[in-house]
Amino acid sequence: MSLSDKILQRLRRARPERVFTRSDFLGLGSTDAIGMAIQRLVKVGKLRRVARGLYELPRTHPLLGELSATSDAIAEAIARRDGIRLQTTEAAAANLLHLSEQVPARIVYDTDSRQRTVKVGGRTIEFRERSRRKMAAGRTSGLVIAGLRSLGKNHVTPERVAPLRKLLKPEDRRRLLRDLRFAPAWMHPHLRFIAGEEKPT
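Counting in my numbering, the sequence shown runs from 721 upward without gaps.
Calculated directly from the structure, the hints in this document are not laboratory data. For every residue, glycine included, the Cβ atom is placed at its ideal position computed from N, Cα and C. Check before you lean on any hint, since a few could be wrong.
[As the list claims (entries may be wrong)] Cβ-Cβ distance ranges computed for the label pairs, FRET-style:
hint	residue 1	residue 2	range
1	Pro782	Arg894	38 to 44 angstroms
2	Asp792	Glu849	41 to 47 angstroms
3	Arg894	Val762	42 to 48 angstroms
4	Leu900	Glu849	39 to 45 angstroms
5	Lys889	Arg760	21 to 27 angstroms
6	Ser743	Arg898	36 to 42 angstroms
7	Gly916	Asp802	33 to 39 angstroms
[What the hints assert, rightly or not] Simulated crosslink set (DSBU-like; lysine-lysine; CA at most 30 angstroms straight-line):
hint	residue 1	residue 2
8	Lys839	Lys889
9	Lys854	Lys839
10	Lys889	Lys919
11	Lys886	Lys919
12	Lys854	Lys919
13	Lys854	Lys873
14	Lys839	Lys766
15	Lys763	Lys886
16	Lys839	Lys886
17	Lys766	Lys726
18	Lys873	Lys839
19	Lys886	Lys873
20	Lys889	Lys873
21	Lys889	Lys854
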(Lines of atoms letter the chains of each structure in order from A and count residues from 1; the text may use other names and numbers.)
(Lines give C-alpha, C1' and ligand atoms only; values in the text may rest on other atoms or scores of the structure.)
Protein backbone atom coordinates (compact mmCIF):
# COMPACT_ATOMS: atom_id res chain seq x y z
CA MET A 1 0.00 0.00 0.00
CA SER A 2 1.37 3.41 -0.96
CA LEU A 3 1.78 6.25 1.52
CA SER A 4 -1.04 8.14 -0.19
CA ASP A 5 -3.35 5.13 0.27
CA LYS A 6 -2.38 4.87 3.95
CA ILE A 7 -3.20 8.55 4.45
CA LEU A 8 -6.58 8.16 2.75
CA GLN A 9 -7.32 5.05 4.80
CA ARG A 10 -6.68 6.97 8.02
CA LEU A 11 -8.77 9.90 6.83
CA ARG A 12 -11.75 7.71 5.99
CA ARG A 13 -11.75 6.18 9.48
CA ALA A 14 -12.13 9.63 11.04
CA ARG A 15 -15.17 11.91 11.23
CA PRO A 16 -16.05 13.19 7.73
CA GLU A 17 -15.81 16.82 8.86
CA ARG A 18 -12.40 16.48 10.51
CA VAL A 19 -9.56 18.77 9.40
CA PHE A 20 -6.01 17.37 9.27
CA THR A 21 -2.42 18.53 9.37
CA ARG A 22 0.75 16.66 8.42
CA SER A 23 1.38 15.91 12.10
CA ASP A 24 -1.72 13.67 12.12
CA PHE A 25 0.15 11.20 9.90
CA LEU A 26 3.46 10.97 11.75
CA GLY A 27 4.47 7.34 11.90
CA LEU A 28 3.39 6.65 8.33
CA GLY A 29 6.56 8.14 6.86
CA SER A 30 8.97 11.07 7.01
CA THR A 31 7.62 14.62 7.23
CA ASP A 32 8.79 15.36 3.68
CA ALA A 33 7.26 12.16 2.27
CA ILE A 34 3.95 12.87 4.02
CA GLY A 35 3.95 16.42 2.65
CA MET A 36 4.56 15.19 -0.89
CA ALA A 37 1.82 12.54 -0.60
CA ILE A 38 -0.66 15.13 0.66
CA GLN A 39 0.17 17.44 -2.26
CA ARG A 40 -0.42 14.59 -4.72
CA LEU A 41 -3.80 13.87 -3.12
CA VAL A 42 -4.74 17.55 -3.33
CA LYS A 43 -3.70 17.68 -6.99
CA VAL A 44 -5.95 14.75 -7.96
CA GLY A 45 -8.87 16.09 -5.89
CA LYS A 46 -8.93 13.44 -3.16
CA LEU A 47 -7.95 16.02 -0.51
CA ARG A 48 -8.90 19.67 -0.26
CA ARG A 49 -6.66 22.39 1.15
CA VAL A 50 -8.54 24.39 3.79
CA ALA A 51 -5.69 26.81 4.53
CA ARG A 52 -1.93 26.62 4.71
CA GLY A 53 -1.07 23.27 6.33
CA LEU A 54 -4.73 22.34 6.87
CA TYR A 55 -6.58 19.73 4.79
CA GLU A 56 -9.89 17.84 4.64
CA LEU A 57 -11.71 15.26 2.58
CA PRO A 58 -13.92 16.99 -0.02
CA ARG A 59 -17.56 16.92 1.07
CA THR A 60 -20.70 17.87 -0.83
CA HIS A 61 -24.37 18.14 0.06
CA PRO A 62 -27.10 17.40 -2.53
CA LEU A 63 -28.75 20.77 -1.88
CA LEU A 64 -25.97 22.93 -0.41
CA GLY A 65 -23.18 21.83 -2.73
CA GLU A 66 -19.57 21.94 -1.49
CA LEU A 67 -19.33 21.97 2.30
CA SER A 68 -16.68 24.05 4.06
CA ALA A 69 -14.70 23.05 7.15
CA THR A 70 -16.22 24.27 10.40
CA SER A 71 -14.36 26.68 12.66
CA ASP A 72 -14.37 24.03 15.40
CA ALA A 73 -12.71 21.45 13.12
CA ILE A 74 -10.05 23.97 12.06
CA ALA A 75 -9.34 25.04 15.65
CA GLU A 76 -9.10 21.41 16.82
CA ALA A 77 -6.61 20.60 14.03
CA ILE A 78 -4.43 23.56 15.01
CA ALA A 79 -4.64 22.54 18.68
CA ARG A 80 -3.53 18.97 17.90
CA ARG A 81 -0.67 20.18 15.74
CA ASP A 82 0.59 22.75 18.25
CA GLY A 83 -0.07 20.72 21.41
CA ILE A 84 -2.39 23.27 23.01
CA ARG A 85 -5.70 23.02 24.86
CA LEU A 86 -8.91 24.70 23.75
CA GLN A 87 -12.01 25.77 25.61
CA THR A 88 -15.14 27.41 24.27
CA THR A 89 -15.52 31.04 25.32
CA GLU A 90 -18.22 32.05 27.80
CA ALA A 91 -20.68 33.53 25.28
CA ALA A 92 -20.30 30.64 22.83
CA ALA A 93 -20.67 28.08 25.65
CA ALA A 94 -23.92 29.68 26.82
CA ASN A 95 -25.27 29.50 23.27
CA LEU A 96 -24.15 25.89 22.70
CA LEU A 97 -25.79 24.79 25.96
CA HIS A 98 -29.02 26.67 25.10
CA LEU A 99 -28.58 28.92 28.12
CA SER A 100 -28.63 31.96 25.85
CA GLU A 101 -29.96 32.69 22.36
CA GLN A 102 -27.25 35.26 21.68
CA VAL A 103 -24.89 34.07 18.92
CA PRO A 104 -21.32 35.40 19.28
CA ALA A 105 -20.32 37.63 16.38
CA ARG A 106 -16.64 36.63 16.54
CA ILE A 107 -15.02 33.19 16.34
CA VAL A 108 -12.93 32.99 19.52
CA TYR A 109 -11.43 30.09 21.50
CA ASP A 110 -9.74 30.17 24.88
CA THR A 111 -6.32 28.51 24.96
CA ASP A 112 -3.41 27.83 27.29
CA SER A 113 -1.03 29.19 24.64
CA ARG A 114 -0.15 32.67 23.37
CA GLN A 115 -2.80 34.90 21.87
CA ARG A 116 -2.95 34.87 18.07
CA THR A 117 -5.23 35.14 15.06
CA VAL A 118 -5.59 32.69 12.16
CA LYS A 119 -7.23 33.69 8.86
CA VAL A 120 -9.01 30.90 6.94
CA GLY A 121 -10.71 32.07 3.76
CA GLY A 122 -13.09 34.81 4.79
CA ARG A 123 -13.00 33.83 8.46
CA THR A 124 -10.81 35.09 11.26
CA ILE A 125 -10.34 32.66 14.17
CA GLU A 126 -8.97 34.13 17.39
CA PHE A 127 -7.11 32.17 20.08
CA ARG A 128 -7.33 34.01 23.40
CA GLU A 129 -4.82 33.22 26.14
CA ARG A 130 -6.40 32.35 29.48
CA SER A 131 -5.10 31.35 32.90
CA ARG A 132 -4.16 27.72 33.49
CA ARG A 133 -6.87 27.44 36.15
CA LYS A 134 -9.60 28.40 33.69
CA MET A 135 -8.23 25.83 31.23
CA ALA A 136 -7.77 23.02 33.76
CA ALA A 137 -11.26 21.50 33.75
CA GLY A 138 -12.25 18.74 31.33
CA ARG A 139 -13.71 19.80 27.98
CA THR A 140 -17.38 19.37 28.92
CA SER A 141 -16.91 20.67 32.47
CA GLY A 142 -15.11 23.69 31.06
CA LEU A 143 -18.00 24.28 28.66
CA VAL A 144 -20.56 24.22 31.49
CA ILE A 145 -18.44 26.44 33.77
CA ALA A 146 -17.92 28.93 30.92
CA GLY A 147 -21.65 28.95 30.16
CA LEU A 148 -22.58 29.71 33.76
CA ARG A 149 -19.87 32.38 33.96
CA SER A 150 -21.40 34.03 30.89
CA LEU A 151 -24.83 34.22 32.55
CA GLY A 152 -23.40 35.61 35.77
CA LYS A 153 -24.03 34.78 39.42
CA ASN A 154 -27.33 36.68 39.64
CA HIS A 155 -28.87 35.07 36.56
CA VAL A 156 -28.14 31.36 37.12
CA THR A 157 -31.15 29.53 38.56
CA PRO A 158 -31.96 25.81 39.02
CA GLU A 159 -34.81 26.15 36.51
CA ARG A 160 -32.50 27.65 33.89
CA VAL A 161 -29.81 24.97 34.16
CA ALA A 162 -32.14 21.99 34.75
CA PRO A 163 -32.10 20.91 31.05
CA LEU A 164 -28.34 20.30 31.37
CA ARG A 165 -29.08 17.36 33.68
CA LYS A 166 -30.46 15.49 30.64
CA LEU A 167 -28.12 17.03 28.09
CA LEU A 168 -24.91 15.79 29.74
CA LYS A 169 -23.89 12.14 29.60
CA PRO A 170 -23.50 10.30 32.96
CA GLU A 171 -19.69 10.31 32.65
CA ASP A 172 -19.75 14.08 31.99
CA ARG A 173 -21.85 14.66 35.12
CA ARG A 174 -19.41 12.61 37.18
CA ARG A 175 -16.48 14.56 35.75
CA LEU A 176 -18.30 17.80 36.59
CA LEU A 177 -18.19 16.86 40.28
CA ARG A 178 -14.47 16.09 40.06
CA ASP A 179 -13.87 19.47 38.41
CA LEU A 180 -15.68 21.54 41.05
CA ARG A 181 -12.34 22.87 42.31
CA PHE A 182 -11.83 24.74 39.03
CA ALA A 183 -15.10 26.68 39.37
CA PRO A 184 -15.84 29.67 41.64
CA ALA A 185 -17.60 28.79 44.89
CA TRP A 186 -20.92 30.38 43.87
CA MET A 187 -21.24 27.87 41.02
CA HIS A 188 -20.77 24.75 43.17
CA PRO A 189 -24.45 24.28 44.17
CA HIS A 190 -25.55 24.69 40.55
CA LEU A 191 -22.88 22.31 39.23
CA ARG A 192 -23.87 19.71 41.84
CA PHE A 193 -27.49 20.10 40.76
CA ILE A 194 -26.55 19.64 37.07
CA ALA A 195 -24.58 16.55 38.09
CA GLY A 196 -27.74 15.01 39.57
CA GLU A 197 -27.94 16.22 43.16
CA GLU A 198 -30.84 18.13 44.72
CA LYS A 199 -31.72 21.74 43.90
CA PRO A 200 -29.55 24.41 45.58
CA THR A 201 -31.09 25.75 48.76
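Hint check: Lys889 vs Lys873, CA-CA at most 30 angstroms. Holds or violated? Judged against 30 angstroms, a Cα distance of about 25 angstroms means the pair holds.
41 to 47 angstroms was suggested as the range; check whether the CB atoms of Asp792 and Glu849 agree with it. About 19 angstroms separates the Cβ atoms of Asp792 and Glu849, which means 41 to 47 angstroms is violated.
Does Lys886 sit within 30 angstroms of Lys839, going by the straight-line distance between their CA atoms? Violated - the C-alpha atoms of Lys886 and Lys839 are around 37 angstroms apart, more than 30 angstroms.
Proposed proximity, Lys854 with Lys889 (alpha carbon, max 30 angstroms): It holds: about 22 angstroms lies between the C-alpha atoms, which stays within 30 angstroms.
Does the structure keep Lys854 and Lys839 at a Cα separation of 30 angstroms or less? 26 angstroms, holds
Holds or violated: are the alpha carbons of Lys839 and Lys889 at most 30 angstroms from each other? 34 angstroms, violated
Range hint compliance [Cβ, Lys889 to Arg760, 21 to 27 angstroms]: Cβ of Lys889 to Cβ of Arg760: about 41 angstroms, so the range 21 to 27 angstroms is violated.
Would you mind confirming whether the straight-line C-alpha gap from Lys886 to Lys873 stays at or under 30 angstroms? 22 angstroms, holds
Assuming the hint says 36 to 42 angstroms, is it satisfied by the Cβ distance from Ser743 to Arg898 or not? 30 angstroms, violated
Assuming the hint says 42 to 48 angstroms, is it satisfied by the Cβ distance from Arg894 to Val762 or not? For Arg894 and Val762 the Cβ distance comes to about 43 angstroms; the hint holds.
Just to be careful, I want the Cα atoms of Lys854 and Lys919 compared with a cutoff of 30 angstroms; is the pair within it? 25 angstroms, holds
CB-CB spacing for Glu849 and Leu900 relative to the 39 to 45 angstroms hint: 24 angstroms, violated
Figure legend: structure checked against the earlier numbered hints; hints not met, in rising order: 2, 4, 5, 6, 8, 15, 16, 18.
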